[in-house]
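Participant: The chain contents come next:
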Amino acid sequence: MVARQTDMENVTADAFSRGLAMWEIASVVTSCLIAEWVVLSFAGRSKLITAIPIGLALGLMFYSHRHRRESLREIGFRTDNFFAACRLLLLPTAVALLVIIVTGWLLNHTLLTGGFRSRFLWLPLWALLQQYALNGFINRRAQHALGKGIKSVILVALVFGLLHLPNPLLAIVTLIGGIVWAAAYQRQPNLFALSLSHAAVSLALAMTISPSLLNSLRVGFKYFG
Amino acid sequence: MKKPSTSLVHILIGKSILETLLVGTLAVFTYITILPPYFHGWGEITETGVSGWAVNHAEPWARVEIQLFIDGRFIAQSVANKSRPDVLAAGWSKDEWHGYVIPISSLAQGTHEARVYALHHSGEGARKSLQLLGSPIPFSIDANGKPVGAGH
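Chains S and E, in that order, are what the protein sequence lines are. Numbers given in my numbering equal positions in the first sequence, counted from 1, plus 2. Numbers given in my numbering equal positions in the second sequence, counted from 1, plus 132.
So that you can see chain E by itself, here it is in the shape it has in the complex (with noise of 0.2 angstroms):
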């Protein structure tokens, strides 16, 4: 066997260049096709529960699936489809049916935290990835068992 020069190395170092761009690359593309930046929305407690609006940038016309968790813990999942004329005032969104409502009961007095996720499909329905929209909301459990938002 013949002894081998620098050129094998220099294959050697190109070989794990490109193996590295195409982990890069495919690393990429999954983010955003199992994330896509495309879900926008937003949540608030209300006197009866979480009610909010979510979008996907992507498919305006589309109503968006949401699951509610609280405390980490699934509660509930929904459509976003209520009217929210106010989103569309707003240029949120190309017409006013992106609102939702998620009532919340049976949950015990004291601080809580909910979160609302986007419900994604990809890999023809293969893959389901939760996006949250916005940001966490902070609110407790009165003694009459209502929800109080963080700032009332």
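One chain only, chain S, in its complex shape (with noise of 0.2 angstroms):
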């Protein structure tokens, strides 16, 4: 009667930490949704009023690595297995890169219609910060909700494609790039390999395909403008 009671109180406890868990996605994605559409529409370009939903996404972040008692190697902060992930990533890093470089010369007929910016300096942290909340925090829930393998993969990418709507294209790679990510992030967890892949991948978008066909990679409100 009594184990009979316990395994009923695991199992209402199990429920209770993948609901929490899929909210706890749910809350960081409308932060990502706020700071692209409801700041920018509302506030212009303030990066302090980004700065709000941003810094409250982090602090959920945060607190619920420490409250679950994740450590950074967990996370996937690491170099023990950044070679075993870069492998992992190197085949379908590689295959993005030449489809993005072939579709970009046969729509423009030249290599570099971008151009480079000084901005691009930034690409490798901006796609590491990016990377950890994709991977980091919403793949780690989503294998806590929905265990781990297709269910959590698909679900980080359409997370990471609906966070690039309303740009067409840049939804389409990034529920793409989101799957492969996911799926290598599932099998070799490091944060450092997948945000050199991510970084490659803009890079290559950013300066091979036409600005006006990607709108500068612009999402959210900021599409319009």
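Derived from the structure by calculation, the hints contain no laboratory data. For every residue, glycine included, the Cβ atom is placed at its ideal position computed from N, Cα and C.
Over the 10 angstroms line for every Cβ pair with chain S, so calculated as not near, a few chain E residues:
1. His172
2. Ile202
3. Gly204
4. Val211
5. Ala222
6. Ala240
7. Thr243
8. Arg247
9. Ser261
10. Gly266
11. Ile273
12. Ala275
13. Val280
14. Gly281
Rough simulated footprint, nothing fancy, chain S against chain E, three-plus residues with beta-carbon under 8 angstroms:
15. 141 to 147
16. 159 to 170
Got two chains here, separate frames each, mind docking them using the hints?
Facilitator: Shown next, in the form of structure tokens:
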């Protein structure tokens, strides 16, 4: 009788924990959508106001990691599996780069249409931040709620695609990238390798595909501006 | 991974409340910035067109830009800078130069509706908004092609 009650309590606690993980994902996605759509449309490009939802999302993620006692190593800030993760990402990244470069060539008959800008130097850091949020947090919570495998990978990819709307081409590219990166993270959780792959693909997109086609990688309300 | 407790739920609820407040504050701020409640005015039909006055109480010495729409279509833009001593006497403005007259021509015979809006610039000129001055003005065009107010 006592054992059965304990089993029931465990099942309830598991369901609660999984539901909470989904809520955490929804909360972080909401913050990003507020920053992309509400702040930009209401407050213009005020970095200070944009920092509020982003800060709240980061605060929640840090608190959640601490609360669930996740170490930096578990999250993916580690070097021991860096080369293993790079090996995993090498082929899909190379294929993506080839497709992007060939597409750019076919569309514009030149290799470099976007040109190099100084802000591209921030790409690795920006990619690391995005990969941390996408895989270090959302993927981990998705795995907790839905288990390791296709369901959680698809959820992560859908979230990544959603956050790049209404830019149609970028949403498709990030949906595909999201699948690859989420699957790679579940096998080798290394955020440095993921951010290198992410930065390489972003740089190739920005430099070889015409800015008018990708609308200069703009997303959210900024897409229309 | 440790099983979460209710404190994480509290954090999530708190975050949702803060974000709701942020969105609400931004919405109210934007509404007041784009459509400030400072514009007052009035318009009526005269023999030649629409005439009236417009004042911006936030900048009482400034001349208000106005736009006339008839049946929902843009007709003309003007500036309310003509003499209206009656507006000054009634205490609506600080000086008498807030009147406007916009002639109406080439309208089909029958009933129409005119709306006069104050044109407001915000966001360092990036945004423009229109605020209705007074009420919509119903009128008709008679057989001679002259506008006649609904009350006439």
